[in-house]
Structures are given as structure tokens and as C-alpha cells.
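S.K.: Residue-level listing of the chains:
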Amino acid sequence: MQNVLTKISGEAKFELLIFLALASIPLVFSGYILFILPQYMLFGLLAVSLSILWGLTGIISFGQAGFFAIGAYAIGIVVKSTFLMNSAILGILLGIIVSAVIAGVVGYFLFSAKVKATYFVLATLALSIIIEQLAKSQKEITGGWNGLFVDRISISFGDLLEYSLFNDIPMYYFTLLLTTIAYALIKFLTTSNFGKILRGIRENEDRILALGYNTSIYKTLIFCVSGALAGFAGSIYGTHAGFVDPSLARVLFSTEVIVWVAIGGRNSIIGSFLGGILVASLANYLNSITPEYWQLIIGIVFIAVVILFKGGLAGGLEEIYHRLKSKNYVSARNP
Amino acid sequence: MELAASVLLDTTLITLTLALAAFGLAIIYGLIGVINMGHGAMLTLGAYFTWAGLQLEIPFVLSVILSGFIVGFIGLLFEHWIIKRFYNSPYETLLLTWAFFLVTTELIKIVFGSDFRTVVNPYPGSIDLGFYKIPTYRTLICVFTAFVILSTGFVFFRTSTGIKIRAMIQNREMASLLGLNISLTYKIIFGFGCFMAGLAGGLVAPMLSVSPYMGDMYLVRSFFVVIVGGIGQILSGTIIGSFVIGGLETIVALFSDQVIAQVAVFFFAIVILRIRPQGIFSEK
Numbered sequence: 001m002q003n004v005l006t007k008i009s010g011e012a013k014f015e016l017l018i019f020l021a022l023a024s025i026p027l028v029f030s031g032y033i034l035f036i037l038p039q040y041m042l043f044g045l046l047a048v049s050l051s052i053l054w055g056l057t058g059i060i061s062f063g064q065a066g067f068f069a070i071g072a073y074a075i076g077i078v079v080k081s082t083f084l085m086n087s088a089i090l091g092i093l094l095g096i097i098v099s100a101v102i103a104g105v106v107g108y109f110l111f112s113a114k115v116k117a118t119y120f121v122l123a124t125l126a127l128s129i130i131i132e133q134l135a136k137s138q139k140e141i142t143g144g145w146n147g148l149f150v151d152r153i154s155i156s157f158g159d160l161l162e163y164s165l166f167n168d169i170p171m172y173y174f175t176l177l178l179t180t181i182a183y184a185l186i187k188f189l190t191t192s193n194f195g196k197i198l199r200g201i202r203e204n205e206d207r208i209l210a211l212g213y214n215t216s217i218y219k220t221l222i223f224c225v226s227g228a229l230a231g232f233a234g235s236i237y238g239t240h241a242g243f244v245d246p247s248l249a250r251v252l253f254s255t256e257v258i259v260w261v262a263i264g265g266r267n268s269i270i271g272s273f274l275g276g277i278l279v280a281s282l283a284n285y286l287n288s289i290t291p292e293y294w295q296l297i298i299g300i301v302f303i304a305v306v307i308l309f310k311g312g313l314a315g316g317l318e319e320i321y322h323r324l325k326s327k328n329y330v331s332a333r334n335p
Numbered sequence: 001m002e003l004a005a006s007v008l009l010d011t012t013l014i015t016l017t018l019a020l021a022a023f024g025l026a027i028i029y030g031l032i033g034v035i036n037m038g039h040g041a042m043l044t045l046g047a048y049f050t051w052a053g054l055q056l057e058i059p060f061v062l063s064v065i066l067s068g069f070i071v072g073f074i075g076l077l078f079e080h081w082i083i084k085r086f087y088n089s090p091y092e093t094l095l096l097t098w099a100f101f102l103v104t105t106e107l108i109k110i111v112f113g114s115d116f117r118t119v120v121n122p123y124p125g126s127i128d129l130g131f132y133k134i135p136t137y138r139t140l141i142c143v144f145t146a147f148v149i150l151s152t153g154f155v156f157f158r159t160s161t162g163i164k165i166r167a168m169i170q171n172r173e174m175a176s177l178l179g180l181n182i183s184l185t186y187k188i189i190f191g192f193g194c195f196m197a198g199l200a201g202g203l204v205a206p207m208l209s210v211s212p213y214m215g216d217m218y219l220v221r222s223f224f225v226v227i228v229g230g231i232g233q234i235l236s237g238t239i240i241g242s243f244v245i246g247g248l249e250t251i252v253a254l255f256s257d258q259v260i261a262q263v264a265v266f267f268f269a270i271v272i273l274r275i276r277p278q279g280i281f282s283e284k
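Chains as they are written, first to last, in the working numbering: chain A, 1 to 335; chain B, 1 to 284.
What the hints contain is simulated information worked out from the structure, not anything from laboratory work.
Hints should not be assumed to be uniformly reliable.
Unchecked claim - When the alpha-carbon atoms are kept at most 30 Å apart in a straight line, the in silico DSSO-like pairs for lysine-lysine are as follows:
hint, chain 1, residue 1, chain 2, residue 2
1, A, K116, B, K109
2, A, K136, B, K164
3, A, K116, B, K84
4, B, K84, B, K187
5, A, K310, B, K109
6, A, K310, B, K187
7, A, K116, A, K196
8, A, K116, A, K187
9, B, K84, A, K310
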């Protein structure tokens, strides 16, 4: 055990610690926090879905909320039409697949033409508005402005085992389990060769192209993964919140995700994940003490991060860690 | 014939109003390459300042001009303190101007409140052409827009300032070596773009209800006006882009509802981004 622990890196230890802490929270706390924390974990996943685009590949998307909303609507619509067995799992799968397909089609359409990075931002902005408008207007399917009520699902494995997520603790562990699996998969992806190529694209796309990699395929694939992850988080969110409405797809929500990732640290997966959890909880807390000023405070923090701390919280912590380890350490990010 | 004429007039009104709203964005995007996500907030600010001016019993025209100058000044400060350090990183300017939007919208909510305000139409009534009535105020706006675009064109193509700006777009280093003050020119262009946004916000205020999010509707459409028209094609591009975006929305809305029309326009704009990123009619 000791050997294993010394072998894994500092970051992996930190990640393990975070997930262990999340797993032990229901042992210590009870009440509201157990209800709300799963929601924040899903926001954390949504933040991760942006961070693999922005930090890893160097693409910004203003449309993550659109995919999140697709996931939430998918489970809502599937669960409502109760003619199916196992509709919950089907709903989650549908959320993932629809998001991934839309991301794939839009991504390939734009990347294959080498559309400029800033144009891609505008296209995703438009995509999220299209999704919002469709959610508002297709009343028969989505409930229009009024939204859609979604029941808490129960997961059944055959006839023997039925696991209802109606109570907070089962929902908490269900969300935590899925979040952990999704996180681990993403982590695996970023450390694989695929992740290395994406980093290469971020640093110098022409060079990767010259090495013989079809960069537009890689960018499309990561956008697909990102969309799928956002859709997945959205589908769990749908059943957790019990309610879906068009405001989930609004541009302001997409940009909130950008704020989480910027503050958490765009280059770090765990930083973004924590950014989602912490900034969303902070927003909730500030909203209760100063409802008028909290968005202003978060906006100013966002500006400060973009100007002064490009690495966000994770980058800052990393720097402190390295400074402590060696006095001669020269910051690589801010020379 | 009369129907065709009235559709033509209607389209002209929509095109020029949209062009007015998009002009400030086209200036900043086309000349210095900054995607100003704060453009919508600047329009909103202009509308609120105009409203406030009217509350202080300042005449409408003066209020609008003052709003333009105040928003232009705010833009200059923003450029001077923040944006000028990030001209070489498009993502950072995009994020910072978006942050400008977030902060400004919150400040507007704190100072003015979230409820709707109305700016009374200073020139009610309409011009009767026999077969069609054109609202007087909208006509004036369109005449003004045409004037602004033409005079910007004059400055751009017929004065030495215009030559300097065009030289700067073509080759920044070379223009700078020849003695052109690049950072000052950028500052002036950014300030002018913000001034135009504030002015446009004040001018469209009587046609809409003034609320903290009123600029959003124009923000994304303005981007597409600029993209469809072609970046850098500030004058003809803005008009063509507004015509395509505004016209398409009007035509689609005739056959279906407003929401579908917007979806169709955004979809069209994404397709244009892909197949003709240099603008719909411009040469490469």
C-alpha cells in the first residue's frame, strides 16, 4: 500500500483525497448539503467538460449549457413516456448520445473547414441559443416556458434489485459513483496518447498536422466527448433537480461554466471540477447573504483571474507547491 | 407593386436599424480584431443613460449624444486599463469583454433596478406615402444610420486619418515604423466603437422597452451581421450583413413564427461561418 502511494503523483493523491472527502461527507453531515452537493458535483463535471476543451485543446465553447440542457430534457422526456422498461438508463444514454452526435456534427462541420478559434466560440454561442429557443417553442415535447417535471428515477437490474433514488443519500452516492467513473474516464483520456495529441494541438496545431495527424478529427472527437460529458451531467441533473426549463440552455449559464473553469484553473481537470463545486456553492452562499451584489463580486473575481492568474486556483496552488519544494523554482507559466 | 414597395421599405428600415446596432461592433472587430462581447451591455448602457437624461429633462437628441460620449469614455477607460494589454491574445479579450458585460449588467441592475423603463418616442406619427405609412422616428434613425456609415466611409477613404488606419490594418509593424502611433490609434478606434454602441443604444431605446438585458438580443445578431457581411468590410459589409440577417428573419417569420425565424437565422449564420468565413459576398 505504501509503495503504491509513493508511486502515484501528487496530483493523483490530491484527486483521491477529494473523492474520499466527497464519499465521507454523508457520514458527517446531513440535511441540505446532502441534497445540494450532488448538483454541484454535476456542475463540476460540466466544468470538466469545458476544461478538456479549453485547457487541454485550446478551444473555448460558449455552448456547454446547451448540451447540459439536452441531457436534462432527454431524461425528462424519456421518463415521462413511461412505456419503457428501464427508462432511466435509456434517458441517460439518450442524453449522452444526442449531445455527442450534435457536438460531432457541429464540430466536424466547423473544424474540417479550419474555422478560426474565435469563430468557433460564436458558433457555439449560436448553438446554445438555438437549443434554448427550440426548448421554449416546442411546447408539446418540452413544456415550453413552463418546463418539465422529472421524477426521481429508480434504477432496476432485472426484477430482483430495484434501487430508488428518491431519498437524498441514495441519490448522493449514485451521483458520486457516476461522477467518479466519468472523472476517471476523462482522466484516463487526458493522460493517453489522445490527450498528448490534443496538448500538441493546443501548443502548435500546424506542427501536429505536419506530423501526420488529422487535427480536425481530433478536435471533433474531443468536442464530442465534451458534449457527451455535459449531456451526461445534465441528464443526472434532470432527475436530481426534478425540473427542467429552457433557462438551463441560456448563454448566461454557459458563461457561468467559463467562470468556474477560469477560477478553478483551466489547465487542471481537478481544478476545474473543484471550481464548479466551489464557485457554485459560493454563488449560492453569496446569493443568500447579498442577493444584489453576488454576481458583481463573481464578475470582478473573474476579471482578476483572467488578468492576473491565468492558471486559476489550481495554477496558484501548483506554484506554491513547487516554490516550497525548491527555492530555485522559476515559474514556467509566468516567466 | 404597392406590396413590393412596402416590403422593400420595411426591409430597408430593419436593415438600417440592425446596421446601426452592429456598427460599433463592426468597427472594433473589423479594425482591431477584438471580439467585443461587451457590445450588448454598451447598447444597454446607452439606452439607460438616455433614459436618465430624459428624467433630468435634457432634450432627447442631446441625451443620446451625451450617452454616446459617456459610453465611449467608459470604453476608453476599459481599453486603457485592461484591453490594451491583451491585443495579441484574442481569447483573453473575448473573456474580458464578456466580463465587462457581466459586471456592467449587474451594475445596471443595482443602479437602475431590473424593471422595465420606457423612453417616450420623441417623434411620434408617421409619414404617409398613400399606400404605406412609415413611422417618422424609424425613418429618421435610418437616415441617420446612412449618414453615419457614409461619413465614416468618407473619413476612411478620403482623409489622411483614413489612410493611416488602412495602413495600420494592412501592416501594423510597418505602419508603426513609419511613425504611426499604433496604441493611440487602437484607443481611438475602440473608443469610437463604444461611442457608436452607446449612441445606438440611446437611439433604439424608444423602439424597445429598456431593461438590463435588452442589449443581448442585439449582441449575437450583430456578430452575425459582421460575419455574414465580412470582417473588415466595415461599410458595405455591415449593410449587406444587416440586410441578409434582418431580411431573412423577416421573410422566415412571414411563413412561421418568430422563434423559428431566429433559429433559422442562427443556423444560416453557422453555415456561413463554415463555407464563407470571409463574408457572404466578399472576395477572399
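S.K.: Are the Cα positions of B/K84 and B/K187 separated by 30 Å at most?
M.R.: Given that 30 Å is the threshold and the Cα spacing comes to 8 Å, the pair holds.
S.K.: Measure nothing beyond the straight line between the CA atoms of A/K136 and B/K164; if it is 30 Å or shorter, mark the hint as holding.
M.R.: Not satisfied, since the Cα-Cα distance of roughly 49 Å exceeds 30 Å.
S.K.: Taking only the CA atoms, is the gap from A/K116 to A/K196 under or equal to 30 Å?
M.R.: holds, 22 Å
S.K.: Hint check: A/K116 vs A/K187, CA-CA at most 30 Å. Holds or violated?
M.R.: holds, 28 Å
S.K.: Would you mind confirming whether the straight-line C-alpha gap from A/K310 to B/K187 stays at or under 30 Å?
M.R.: Satisfied, since the Cα-Cα distance of roughly 25 Å is no more than 30 Å.
S.K.: Straight-line Cα separation of A/K310 and B/K109 no greater than 30 Å?
M.R.: holds, 29 Å
S.K.: Assess, step by step, whether the Cα of A/K116 is no farther than 30 Å from the Cα of B/K109, and give holds or violated.
M.R.: Distance of about 35 Å is beyond 30 Å: violated.
S.K.: Measure nothing beyond the straight line between the CA atoms of B/K84 and A/K310; if it is 30 Å or shorter, mark the hint as holding.
M.R.: holds, 17 Å
S.K.: A/K116 and B/K84 were given as a pair; does the straight-line alpha-carbon distance stay at or below 30 Å?
M.R.: At roughly 22 Å apart (the allowed maximum being 30 Å), B/K84 and A/K116 satisfy the hint.
Hint compliance for this structure: hints 1, 2 are broken, all remaining hints hold.
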